[in-house]
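Protein sequences appear in the order of chains A and B.
Basically the numbering used here = 1-based index in the first sequence + 94.
Basically the numbering used here = 1-based index in the second sequence + 91.
Hints were generated in silico from the structure; no laboratory data involved.
Incorrect hints may appear among the rest.
Listed next, the in silico DSSO-like pairs over lysine-lysine satisfying Cα-Cα at most 30 Å (straight line) [as the list claims (entries may be wrong)]:
1. A:Lys374 x B:Lys224
2. B:Lys491 x A:Lys171
3. B:Lys224 x A:Lys114
4. B:Lys461 x A:Lys114
5. A:Lys107 x B:Lys234
6. A:Lys332 x A:Lys342
7. B:Lys594 x B:Lys605
8. B:Lys594 x A:Lys149
9. A:Lys120 x B:Lys503
10. A:Lys303 x A:Lys219
11. B:Lys461 x A:Lys372
12. B:Lys246 x A:Lys120
13. B:Lys503 x A:Lys372
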Amino acid sequence: MSKKKFSVNGNLKDSLNTVKFLTERKHFINSAAAALPTRTDDFGVNRVAKSIHPKEQKLVISRIEEHSDIAKSYFFKSETALAYFKAGQYLTFRFEIGNAVVTRSYSIASSPASALNGEYQITVKRINDGFVSDYILHNWTVGNEVTAYAPEGNMTYCPLRDAENIVAVAGGSGITPFLSLARAIDQGDEDCTLTLLYGCRTSDEILFKSELDSLSANNSKINVVYVLSHSDEEGYEKGFVGADIIKKYAPEGNYSIFVCGPGGLYKYLESELPKLQKEKKYIRFEVFSSGKKSDEEPTEYSITVINRGVESVIKASSSETVLCAFERAGIEVPARCHTGECGFCRSKLVSGKVYIPEGEDRRRIADMQFNFIHPCCCYPESDLVVRIN
Amino acid sequence: MVKNYDAVVIGAGNGGLVASARLAKEGKKTLLIERHNLPGGFATSFVRGRFEFEASLHELCGIGSITGKSPLQKIFQEVGAADKIEWIALDEAYRLITLDKNEKCDYSMPLGKDAFIAKLEEYDPGSAPVVTKIFDLIESIEKTLDFVSNIEDFKPSMIKEIFSEHTEFLKVANYSVDEVLKAFGTSQKTRDILNGYWCYLGQPTDELNAIHYFTMLHSYLIDGAVIPKGRSHQISTALLEAFTENGGEAWFNTSVKKIIIKNGSATGVILDDGTQINAKAVICNASPYNAYTKLIDENAVPDKLKKEVNAKTLGAKGFAVFLGLNRSAEELGLDNHTYFIYPTNDNRKCYELSKKIETNDVQATVCLNKAFDDCSPEGTSILYMTSIFAGDEWSKVSVKDYYKTKLAFAEKMINNFEKATGISIRDYIEEIEISTPMTYARYTDAPAGTIYGYEASKEDGIVKRIVFDMIDKGIPGLYFAGGYTTRHMGYSPSYTTGDMAAKAAILAMEKEAK
């Protein structure tokens, strides 16, 4: 092709067309209003995004319910809607305890619909040496304002992925996300069936029994079975929730297994679930941190923390996570899940060595390449230099 | 607290990262501020179960795997990031399928000029001569752009050279893709296939500027495309590492509250904790919407800039479904890397239909395993589907309807994919994540969840922007980088404008020093 001969509408018209854009452009800009554009926050999309993922929420405790001496439920009430969520998600709370600044996460027990009415419920179980749970149980009173972040978490029902029948295995206070799911099913906000296998030591330790019984009796999509490990009582299954119990109560057809509970339950199920020969996609565990790495004598280390260009040196122990050292020293990082999953606390390990428990390294490929860590699941193995911001 | 820097960069998106890396490389004391805990903005990744998903990148052009023409690689090398990124070259352009059964459209196109022309000839016998001419035009336009962008010292004689040597460029500068392709006497089928990439720019080809589209065809089809092995997060982190290695400081989880304007010039920023940062240059990787309505006092924004924002239309809003599948690509029959699935080849109609959630059926889907199989564990695969919305329909979705609406649209995309390809994926979904315009708004503060900056409309096509819109927007000391500037949205354009902003700032600093 002879390049010189190419034209769209003839050489003259093409040239005029090109020249035209000078005037077109002038008119285009000049005919617009000289007012400020719409604020980003005022677009409907951005409003919804902010509503579901607020930077933080100030929650006022409206009511406290005691579950004998095992646990307490805290109810929060707000004049306006609280951040909407999916049943199964958790809230992360921020605490200042002494010099420490810490965050802890609790699954939301209330239904998603109640958040739109300005209500949340969480349940805190009494445990031995629970630094934060003790603080809550002793200090949180009606009328207190506490700080929570937006709901997070991935143990939620998705009909595109999960079977329409959910077999939920709950241990102890691991019941709360499934209470939320049961309520959501009952309110018509989730369209799945729920077979809840709820493991406790004794019948005294069952939380929310009357509500669960009522949901189970009145809604054909919900079936609750209590499994007691430490007592033999009539009307209850005896033992631990394992493959046999699951097989006995699982509905016909395909089902997904959701698990939430203490570490002992996870360990037991790891050996039990393979017996069911289910594909990995049908088994979902709420992520869990195995905690202290070993019984070895802890070694003291120091961490040099770089925050907005300012360095400080803090103490750390090989038996506690890097995040824990930050928390003790009152150094705030945006931690949420405490299990390595969410990645909020991602920081740069400038130098030093850390141990990450097997199966808890949920970092991105490039983060491993460039030595970024999730401090919530890293234990120091030397003095460290960490850039948090 | 008051701190002094040569330059402060607002936002660690693609534009902000390159600008920062360039400034640090040139010895400027630079502070990069990012409100999230991660660099990258849209250019990031996330882990679900045993899968790491790419958040937004389909293919990167500007790293010419075929011709070696790599303007981006040049930037990455110069700022010290290139050797930190592992590129994987792609050999496939796209497979184009339409849902309209009457069209019987299913074309698989390769990258590489000769391969592309040969394949098109197979689908549309007799097309090769005219398509070759079109590629000649595309290459001639590229030469003009190279000539213009390599001008370092402008001489009046160059204008003469442009008018005598670069006539093709001048002829088509204000025409649409369709106008030019029709002038070549192309068949409808040839145009359908050549226009496959339209969704990457989000504008129908009856108004999309020809030079804009042809430049993109050049960088993909002729030069070749790549992806980074560590997802786009690898590019973002590599740029950040290069920046800090060269003495730059990056503060994450930190927000800018105000851009300080003194006597009409930008002189620094105020941070969320009240810290004042003084700087000779402020590079803004935030959108002009945020800059003018949040960061700068209204009376300090010149009318010209307000008019500019109001004249333009926000570009496409994004939606994506990320799937971790528990079967390999081979087992499922996923043979292609990039699938363009449209309701029809009439891209004007696609665009109009994409204004409503109920009628939008546009999707661009990537199977990452076709680029490199070890991107996911053995026996699994990763598929991610992206759609674009014209208009602002998602702003009508309430909080209460949000989860249902996003689930329903994701399901439609999966169904459309299965229908178009005949491949079953629904039963193999082990992990799923869905992002909506709200997700993009959440993570990038994009107005209305826009992923394409301003629309590349007839009035605001790329040539007009390059000629009329300046990196320096009219507030001395303030430079914009990223998707709302002269090169439209996208990885390659944002990296490029980031570099341009840094260079403009450096030039101004040097002038000031003299």
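Hints violated by the structure (numbers, ascending): Of the numbered hints, 1, 4, 8 and 9 do not hold.
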